[in-house]
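J.: Each chain, letter by letter, is given below.
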Amino acid sequence: MALVDLELDLDVFAGPFDLLLTLILREEVDLLEVDLADVVITYIDHLERRGELDLEAATEFLVLIAALLELKSRLLLPGEEIEEIELDPGEAAEELLARLLAAHRYRAAAAHLRERLEGEQGSRFRSAPVPSHLRKARLTEAHAVYSPDALAGAIGDLLQVPPPVDIGHITVAKVTVAERLAHLRTLLRRGRFTFSEAVARSDRVTVAVTLYALLELYKQGEATWTQEEPFAEITIEAGRALGRMTA
Amino acid sequence: MSAELERTLEGLLFLSSDPVSAAALADATGAELHEVVTALERLREHYEFERRGFLVRELAGGFTLSTHPDVEPAARRLLAKPRTPPLTPAQAETLAIVAYLQPVSRPEIARIRGVSAESAAATLLERGLIEDGGRSQFGAVLYRTTELFLKLFGLRSLDELPGIEGFDPSAELEQELRDRLLRAGEARAAVGTPPAVTQEPAGAPALSGD
Amino acid sequence: MSAELERTLEGLLFLSSDPVSAAALADATGAELHEVVTALERLREHYEFERRGFLVRELAGGFTLSTHPDVEPAARRLLAKPRTPPLTPAQAETLAIVAYLQPVSRPEIARIRGVSAESAAATLLERGLIEDGGRSQFGAVLYRTTELFLKLFGLRSLDELPGIEGFDPSAELEQELRDRLLRAGEARAAVGTPPAVTQEPAGAPALSGD
Numbered sequence: 001m002a003l004v005d006l007e008l009d010l011d012v013f014a015g016p017f018d019l020l021l022t023l024i025l026r027e028e029v030d031l032l033e034v035d036l037a038d039v040v041i042t043y044i045d046h047l048e049r050r051g052e053l054d055l056e057a058a059t060e061f062l063v064l065i066a067a068l069l070e071l072k073s074r075l076l077l078p079g080e081e082i083e084e085i086e087l088d089p090g091e092a093a094e095e096l097l098a099r100l101l102a103a104h105r106y107r108a109a110a111a112h113l114r115e116r117l118e119g120e121q122g123s124r125f126r127s128a129p130v131p132s133h134l135r136k137a138r139l140t141e142a143h144a145v146y147s148p149d150a151l152a153g154a155i156g157d158l159l160q161v162p163p164p165v166d167i168g169h170i171t172v173a174k175v176t177v178a179e180r181l182a183h184l185r186t187l188l189r190r191g192r193f194t195f196s197e198a199v200a201r202s203d204r205v206t207v208a209v210t211l212y213a214l215l216e217l218y219k220q221g222e223a224t225w226t227q228e229e230p231f232a233e234i235t236i237e238a239g240r241a242l243g244r245m246t247a
Numbered sequence: 248m249s250a251e252l253e254r255t256l257e258g259l260l261f262l263s264s265d266p267v268s269a270a271a272l273a274d275a276t277g278a279e280l281h282e283v284v285t286a287l288e289r290l291r292e293h294y295e296f297e298r299r300g301f302l303v304r305e306l307a308g309g310f311t312l313s314t315h316p317d318v319e320p321a322a323r324r325l326l327a328k329p330r331t332p333p334l335t336p337a338q339a340e341t342l343a344i345v346a347y348l349q350p351v352s353r354p355e356i357a358r359i360r361g362v363s364a365e366s367a368a369a370t371l372l373e374r375g376l377i378e379d380g381g382r383s384q385f386g387a388v389l390y391r392t393t394e395l396f397l398k399l400f401g402l403r404s405l406d407e408l409p410g411i412e413g414f415d416p417s418a419e420l421e422q423e424l425r426d427r428l429l430r431a432g433e434a435r436a437a438v439g440t441p442p443a444v445t446q447e448p449a450g451a452p453a454l455s456g457d
Numbered sequence: 458m459s460a461e462l463e464r465t466l467e468g469l470l471f472l473s474s475d476p477v478s479a480a481a482l483a484d485a486t487g488a489e490l491h492e493v494v495t496a497l498e499r500l501r502e503h504y505e506f507e508r509r510g511f512l513v514r515e516l517a518g519g520f521t522l523s524t525h526p527d528v529e530p531a532a533r534r535l536l537a538k539p540r541t542p543p544l545t546p547a548q549a550e551t552l553a554i555v556a557y558l559q560p561v562s563r564p565e566i567a568r569i570r571g572v573s574a575e576s577a578a579a580t581l582l583e584r585g586l587i588e589d590g591g592r593s594q595f596g597a598v599l600y601r602t603t604e605l606f607l608k609l610f611g612l613r614s615l616d617e618l619p620g621i622e623g624f625d626p627s628a629e630l631e632q633e634l635r636d637r638l639l640r641a642g643e644a645r646a647a648v649g650t651p652p653a654v655t656q657e658p659a660g661a662p663a664l665s666g667d
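Protein chains in written order, with the numbering used here: chain A, 1 to 247; chain B, 248 to 457; chain C, 458 to 667.
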């Protein structure tokens, strides 16, 4: 049996896997101290070295390691219940044995099912759809099962025009282009300023309207601007028209 | 050997839902084409003389088995039970639109509902509640309700369809209903809300009759 | 009349893709239940003695037709695929656990197998051999086998599965497992003596810590 060959070198134990199991069951090694992940890694290395998979041994190992993990997780559960969960070695061994037996049992049942399926390979079933003319329900067999009111109700619902979308929760822009034009002209009279200064502490709508107002001023020649690179700060100053006007 | 071939062909035709060509049958059985044709002929005779429940039929694509017409009444009793599970809201809406506006096209149903009516219409067709009733001037299939529909809803005729709450049927009846439904549907599509589903359809008072 | 019944039953079984109960066949044909059962038996004999390509099978609580195994080689050539792909060991184990313990949850299956049952269960679900059969009290999906399982595995009902105790390991194997668990290590540990603390060559155990 390949499991016997599985040599472990863990922090708390060095030796064959089956001995570790025995010692755990005799409580000579504390399951809580055993790094089960290390056991699994050792097992995988072991499989790789052998280069072949002994299915029987692999199943047994998986069932045992899963059962150990479950026992360990139960031991790790915090709280007063810990007394109750503590397993005596006999019980733990019986539980592991029961697991192994169940695994064997269902593996044998699985083999039986596979044989059964194999034995049925020769019989196939027809899976054609029933011709549609044979599927149509006959009128004489039909009787009222639906309420006509359901149809009227459905049409009534469909006739309802939905209320207009409620946009009350959206802040309606209270700012106008005229207001922002006035604001920008005030700033221009004081000299150079940046766009950020012009829209400091403003909401998005105000920013948008301000930009629109600025474009309007540029078009009129009242303002001109410079921007070093995209998304950089925009510096605004009076344009030629305004200059002429003030000149 | 030839009885063996007949038996194998019988099994192959049993398994195939579509007609199978004699050549394909020859390939599968390893027999010559003329042997296959002869064996199929014997199979046909066997079914006929022994009064079996099947027929060998030669259709466009090849050979197929079907049941003898004598079996059909029992087959309908076994297989053609009207399928009447509760209608889903989508099915009820689609059926209601067809019932009140027939004939009506699928695009129109979709416009009124604000969503596609494809799968609901397919189910209603399959259950025999609606049927193909010609083509619109634009080539779309027009649906109408069937006799089975009347029976399953306990109606003697379409005139017995209940009136609609909030709708005066005495007016320019059908065209107006159609227009109003379309307007409501477009409004719904614009808003993106599904139509309200009536909680208790049976509670809607009927306005017709007058 | 009875030949007529046989013929009708043959046609009905041909048309139904799922097994049909004798009661449903009696309903459809208007015959008595015992007449149906007798006629089905005669049909079975007819197919057998006449060496037809079909068999009458009693599966999944009803009757159905299947092809005779002798047709299989030709069917495989015609349909170019095996009837059902074989099960992998993981799928077969998962299916066995569901078949015997149903309804059973995936964590329970994993507990018995020692490994996750996720992908095997997904494949079995997809192939229609098992299905969702409700929820456990902890909310895990419970699996059970389907009618298709019975049909494909040639079972009339779950009762036809051999008892699970028949698959218990032999007494010798059980004893061997018990020995391996409880005592195998002891031989190495030089029975009774406390495990050595110092590491020695040749696989002697070394216990660090307490």
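If you're looking for bench data, these hints aren't it; they were derived computationally from the structure. Honestly, I wouldn't trust all of these hints.
To be verified - No more than 25 Å apart at the CA atoms, straight line, and that leaves these computed lysine to any residue pairs for SDA-like:
{"no.": "1", "chain 1": "C", "residue 1": "Lys538", "chain 2": "A", "residue 2": "Val130"}
{"no.": "2", "chain 1": "A", "residue 1": "Lys174", "chain 2": "A", "residue 2": "Ser147"}
{"no.": "3", "chain 1": "C", "residue 1": "Lys538", "chain 2": "B", "residue 2": "Gly410"}
{"no.": "4", "chain 1": "A", "residue 1": "Lys174", "chain 2": "A", "residue 2": "Val199"}
{"no.": "5", "chain 1": "A", "residue 1": "Lys72", "chain 2": "C", "residue 2": "Ala567"}
{"no.": "6", "chain 1": "B", "residue 1": "Lys398", "chain 2": "B", "residue 2": "Ala436"}
{"no.": "7", "chain 1": "B", "residue 1": "Lys398", "chain 2": "A", "residue 2": "Leu68"}
{"no.": "8", "chain 1": "A", "residue 1": "Lys72", "chain 2": "A", "residue 2": "Val130"}
{"no.": "9", "chain 1": "A", "residue 1": "Lys72", "chain 2": "C", "residue 2": "Pro564"}
{"no.": "10", "chain 1": "A", "residue 1": "Lys219", "chain 2": "A", "residue 2": "Ser147"}
{"no.": "11", "chain 1": "C", "residue 1": "Lys538", "chain 2": "B", "residue 2": "Ala273"}
{"no.": "12", "chain 1": "A", "residue 1": "Lys72", "chain 2": "C", "residue 2": "Ser614"}
{"no.": "13", "chain 1": "A", "residue 1": "Lys72", "chain 2": "C", "residue 2": "Lys538"}
{"no.": "14", "chain 1": "C", "residue 1": "Lys538", "chain 2": "B", "residue 2": "Ser264"}
{"no.": "15", "chain 1": "C", "residue 1": "Lys538", "chain 2": "A", "residue 2": "Val175"}
{"no.": "16", "chain 1": "C", "residue 1": "Lys538", "chain 2": "C", "residue 2": "Asp527"}
{"no.": "17", "chain 1": "C", "residue 1": "Lys538", "chain 2": "B", "residue 2": "Gly308"}
{"no.": "18", "chain 1": "C", "residue 1": "Lys538", "chain 2": "B", "residue 2": "Thr311"}
{"no.": "19", "chain 1": "A", "residue 1": "Lys72", "chain 2": "C", "residue 2": "Leu512"}
{"no.": "20", "chain 1": "C", "residue 1": "Lys538", "chain 2": "C", "residue 2": "Pro526"}
{"no.": "21", "chain 1": "C", "residue 1": "Lys538", "chain 2": "B", "residue 2": "Ser263"}
{"no.": "22", "chain 1": "A", "residue 1": "Lys72", "chain 2": "A", "residue 2": "Ala37"}
{"no.": "23", "chain 1": "C", "residue 1": "Lys538", "chain 2": "B", "residue 2": "Pro266"}
{"no.": "24", "chain 1": "B", "residue 1": "Lys398", "chain 2": "A", "residue 2": "Leu36"}
{"no.": "25", "chain 1": "B", "residue 1": "Lys398", "chain 2": "B", "residue 2": "Ala273"}
{"no.": "26", "chain 1": "A", "residue 1": "Lys174", "chain 2": "A", "residue 2": "Leu159"}
{"no.": "27", "chain 1": "A", "residue 1": "Lys72", "chain 2": "C", "residue 2": "Gly623"}
{"no.": "28", "chain 1": "B", "residue 1": "Lys398", "chain 2": "A", "residue 2": "Glu115"}
{"no.": "29", "chain 1": "C", "residue 1": "Lys538", "chain 2": "A", "residue 2": "Lys174"}
{"no.": "30", "chain 1": "A", "residue 1": "Lys219", "chain 2": "A", "residue 2": "Arg204"}
{"no.": "31", "chain 1": "C", "residue 1": "Lys538", "chain 2": "C", "residue 2": "Leu512"}
{"no.": "32", "chain 1": "C", "residue 1": "Lys538", "chain 2": "B", "residue 2": "Gln349"}
{"no.": "33", "chain 1": "C", "residue 1": "Lys538", "chain 2": "B", "residue 2": "Pro320"}
{"no.": "34", "chain 1": "A", "residue 1": "Lys72", "chain 2": "A", "residue 2": "Val12"}
{"no.": "35", "chain 1": "C", "residue 1": "Lys538", "chain 2": "A", "residue 2": "Pro129"}
{"no.": "36", "chain 1": "A", "residue 1": "Lys72", "chain 2": "C", "residue 2": "Glu575"}
{"no.": "37", "chain 1": "C", "residue 1": "Lys538", "chain 2": "A", "residue 2": "Lys219"}
{"no.": "38", "chain 1": "C", "residue 1": "Lys538", "chain 2": "A", "residue 2": "Ala37"}
J.: Look at each hint and say if it fits the structure.
T.: For each hint, the structure was consulted:
For the hint pairing C/Lys538 with A/Val130, the CA-to-CA distance comes to about 23 Å; that is within 25 Å, so the pair holds. At most 25 Å may separate the alpha-carbon atoms for a hinted pair to count; A/Lys174 and A/Ser147 exceed this at roughly 54 Å. Under the criterion of a C-alpha separation no larger than 25 Å, the hint pairing C/Lys538 with B/Gly410 is inconsistent with the structure, at around 58 Å. Restraint check for A/Lys174 and A/Val199: the C-alpha separation of about 15 Å stays at or below 25 Å, so the hint holds.
Proximity of A/Lys72 to C/Ala567 is assessed by CA-CA distance (about 17 Å); at most 25 Å being required, the pair is judged to hold. Note on B/Lys398 and B/Ala436: the hinted pairing is violated, with a Cα-Cα distance of about 34 Å set against a maximum of 25 Å. For the proposed pair B/Lys398 and A/Leu68, the alpha carbon gap of about 66 Å is over 25 Å, so the pair is violated. Distance hint between A/Lys72 and A/Val130 is unfulfilled; the C-alpha atoms sit about 57 Å from each other, more than 25 Å.
In summary, the hint linking A/Lys72 to C/Pro564 is supported, as the alpha carbons are separated by about 17 Å, within the 25 Å threshold. Between the alpha carbons of A/Lys219 and A/Ser147 the distance comes to roughly 69 Å, so the proposed pair goes past 25 Å and is violated. Proposed proximity of C/Lys538 and B/Ala273 is supported: the alpha carbons are some 18 Å apart, at most 25 Å. With a CA separation close to 41 Å, the supplied pair A/Lys72 and C/Ser614 exceeds the 25 Å bound.
About 48 Å separates the Cα atoms of A/Lys72 and C/Lys538, which puts this hinted pair outside 25 Å; it is violated. Straight-line distance between C-alpha atoms of C/Lys538 and B/Ser264 comes to about 15 Å, which keeps the hinted pair within the 25 Å bound. Restraint check: the Cα-Cα separation between C/Lys538 and A/Val175 comes to about 74 Å, which exceeds 25 Å; the hinted pair is violated. Only pairs whose Cα atoms come within 25 Å are accepted, and C/Lys538 paired with C/Asp527 is accepted, the gap being roughly 16 Å.
Proposed proximity of C/Lys538 and B/Gly308 is supported: the alpha carbons are some 21 Å apart, at most 25 Å. Between the alpha carbons of C/Lys538 and B/Thr311 the distance comes to roughly 20 Å, so the proposed pair stays at or under 25 Å and holds. Distance hint between A/Lys72 and C/Leu512 is unfulfilled; the C-alpha atoms sit about 55 Å from each other, more than 25 Å. Distance restraint check for C/Lys538 and C/Pro526: the Cα-Cα separation of roughly 15 Å lies within the 25 Å cut-off, and the hinted pair is therefore satisfied.
Only pairs whose Cα atoms come within 25 Å are accepted, and C/Lys538 paired with B/Ser263 is accepted, the gap being roughly 13 Å. Between A/Lys72 and A/Ala37 the CA atoms are separated by roughly 12 Å; this keeps the pair inside 25 Å, and the hint holds. Distance restraint check for C/Lys538 and B/Pro266: the Cα-Cα separation of roughly 18 Å lies within the 25 Å cut-off, and the hinted pair is therefore satisfied. Distance restraint check for B/Lys398 and A/Leu36: the Cα-Cα separation of roughly 70 Å exceeds the 25 Å cut-off, and the hinted pair is therefore not satisfied.
At most 25 Å may separate the alpha-carbon atoms for a hinted pair to count; B/Lys398 and B/Ala273 exceed this at roughly 50 Å. Between the alpha carbons of A/Lys174 and A/Leu159 the distance comes to roughly 37 Å, so the proposed pair goes past 25 Å and is violated. Distance check on the hinted pair: A/Lys72 and C/Gly623 sit about 32 Å apart at the alpha-carbon level, beyond 25 Å; violated. Of the supplied pair hints, the one linking B/Lys398 and A/Glu115 is violated, its CA atoms being roughly 52 Å apart against a limit of 25 Å.
Restraint check for C/Lys538 and A/Lys174: not satisfied, since their Cα atoms lie roughly 73 Å apart, outside the 25 Å limit. Taking the CA atoms of A/Lys219 and A/Arg204, the gap is about 23 Å. The hint holds against a cut of 25 Å. With a C-alpha separation of about 21 Å, the suggested pair C/Lys538 and C/Leu512 falls inside the 25 Å cut-off, and the hint holds. Distance check on the hinted pair: C/Lys538 and B/Gln349 sit about 48 Å apart at the alpha-carbon level, beyond 25 Å; violated.
As the CA atoms of C/Lys538 and B/Pro320 are separated by approximately 35 Å, the hinted pair breaks the 25 Å bound. Note on A/Lys72 and A/Val12: the hinted pairing holds, with a Cα-Cα distance of about 15 Å set against a maximum of 25 Å. Between the alpha carbons of C/Lys538 and A/Pro129 the distance comes to roughly 20 Å, so the proposed pair stays at or under 25 Å and holds. Between A/Lys72 and C/Glu575 the alpha-carbon distance is near 23 Å, which keeps this suggested pair within the 25 Å criterion.
With a C-alpha separation of about 76 Å, the suggested pairing of C/Lys538 with A/Lys219 is violated against the 25 Å cut-off. The straight-line distance between the Cα atoms of C/Lys538 and A/Ala37 is roughly 44 Å, outside the 25 Å bound, and the hint therefore fails.
In this structure, the earlier hints numbered 2, 3, 6, 7, 8, 10, 12, 13, 15, 19, 24, 25, 26, 27, 28, 29, 32, 33, 37 and 38 are contradicted, and the remaining ones agree with it.
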